[in-house]
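Engineer: Quick note, the sequence shown lines up with residues 1 to 124 if you use full-length UniProt numbering.
Careful: at least some of the hints might be erroneous.
Stated by the list, open to error - Listed next, the in silico SDA-like pairs over lysine to any residue satisfying Cα-Cα at most 20 Å (straight line):
no. : residue 1 : residue 2
1   : Lys48     : Leu34
2   : Lys106    : Asp21
3   : Lys48     : Thr7
4   : Lys106    : Ile16
5   : Lys77     : Arg102
6   : Lys106    : Glu96
7   : Lys48     : Phe75
8   : Lys48     : Pro80
9   : Lys106    : Asp14
10  : Lys106    : Ile94
11  : Lys106    : Ile20
12  : Lys77     : Glu51
13  : Lys106    : Ile59
14  : Lys48     : Pro79
15  : Lys77     : Thr8
16  : Lys77     : Ala41
17  : Lys48     : Glu35
18  : Lys106    : Ser38
19  : Lys77     : Glu44
20  : Lys77     : Gly63
21  : Lys106    : Pro62
22  : Lys106    : Met24
Hints are computed from structural coordinates only; laboratory data are not their basis.
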Amino acid sequence: MNAAESTTILIVEDEILILIDLAMSLRSAGFDVLEASSADAAIELLEKHPEIRAVITDIDMPGSMNGLALAHAVFEKWPPCRLIVVSGHHFVSIEELPSGARFFSKPADPIVLNSALEEMGVAA
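Work out the full structure, taking the sequences as your base and the hints as a guide.
Structural biologist: In structure tokens form, the structure reads like this:
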């Protein structure tokens with residue numbers, strides 16, 4: 001990746017205002033952001049965009065799987081992708097997450113998420 005390219009992150013969130021807010025914050029931090037409102041849409045984007053380096057997903061979503069199942073699917077099929085799982089209704093222990101993934105309660109502060117991405121080796 002050259003200096004003109006930025007890192008691509010996929011946000012998977014069905015609450016549109018949260019999705020817009022987080023996407024704007026991460027774009028302001030210098031990331032390219034793709035958006036999906038379900039795990040099914042996220043899988044389609046991951047298949048079309050091999051440049052995605054991280055996925056931030058909510059747990060509760062419509063579709064064939066929730067965000068935790070999506071995180072495990074991404075870990076299996078796209079292992080270089082870093083994972084952050086968020087929820088306002090569930091607490092997820094480290095044992096429930098794919099290896100290396102992080103969990104944050106909602107509302108997740110975009111600054112905290114950006115710092116977590118940097119710690120995970122995903123920089124804008």
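Engineer: Determine for every hint whether it applies to the structure shown.
Structural biologist: Evaluated hints:
{"no.": "1", "hint": "Lys48 to Leu34", "in the structure": "11 Å, holds"}
{"no.": "2", "hint": "Lys106 to Asp21", "in the structure": "13 Å, holds"}
{"no.": "3", "hint": "Lys48 to Thr7", "in the structure": "16 Å, holds"}
{"no.": "4", "hint": "Lys106 to Ile16", "in the structure": "14 Å, holds"}
{"no.": "5", "hint": "Lys77 to Arg102", "in the structure": "18 Å, holds"}
{"no.": "6", "hint": "Lys106 to Glu96", "in the structure": "18 Å, holds"}
{"no.": "7", "hint": "Lys48 to Phe75", "in the structure": "17 Å, holds"}
{"no.": "8", "hint": "Lys48 to Pro80", "in the structure": "16 Å, holds"}
{"no.": "9", "hint": "Lys106 to Asp14", "in the structure": "13 Å, holds"}
{"no.": "10", "hint": "Lys106 to Ile94", "in the structure": "17 Å, holds"}
{"no.": "11", "hint": "Lys106 to Ile20", "in the structure": "15 Å, holds"}
{"no.": "12", "hint": "Lys77 to Glu51", "in the structure": "14 Å, holds"}
{"no.": "13", "hint": "Lys106 to Ile59", "in the structure": "11 Å, holds"}
{"no.": "14", "hint": "Lys48 to Pro79", "in the structure": "16 Å, holds"}
{"no.": "15", "hint": "Lys77 to Thr8", "in the structure": "17 Å, holds"}
{"no.": "16", "hint": "Lys77 to Ala41", "in the structure": "15 Å, holds"}
{"no.": "17", "hint": "Lys48 to Glu35", "in the structure": "13 Å, holds"}
{"no.": "18", "hint": "Lys106 to Ser38", "in the structure": "17 Å, holds"}
{"no.": "19", "hint": "Lys77 to Glu44", "in the structure": "13 Å, holds"}
{"no.": "20", "hint": "Lys77 to Gly63", "in the structure": "19 Å, holds"}
{"no.": "21", "hint": "Lys106 to Pro62", "in the structure": "18 Å, holds"}
{"no.": "22", "hint": "Lys106 to Met24", "in the structure": "17 Å, holds"}
Violated hints: none; the structure is consistent with every hint.
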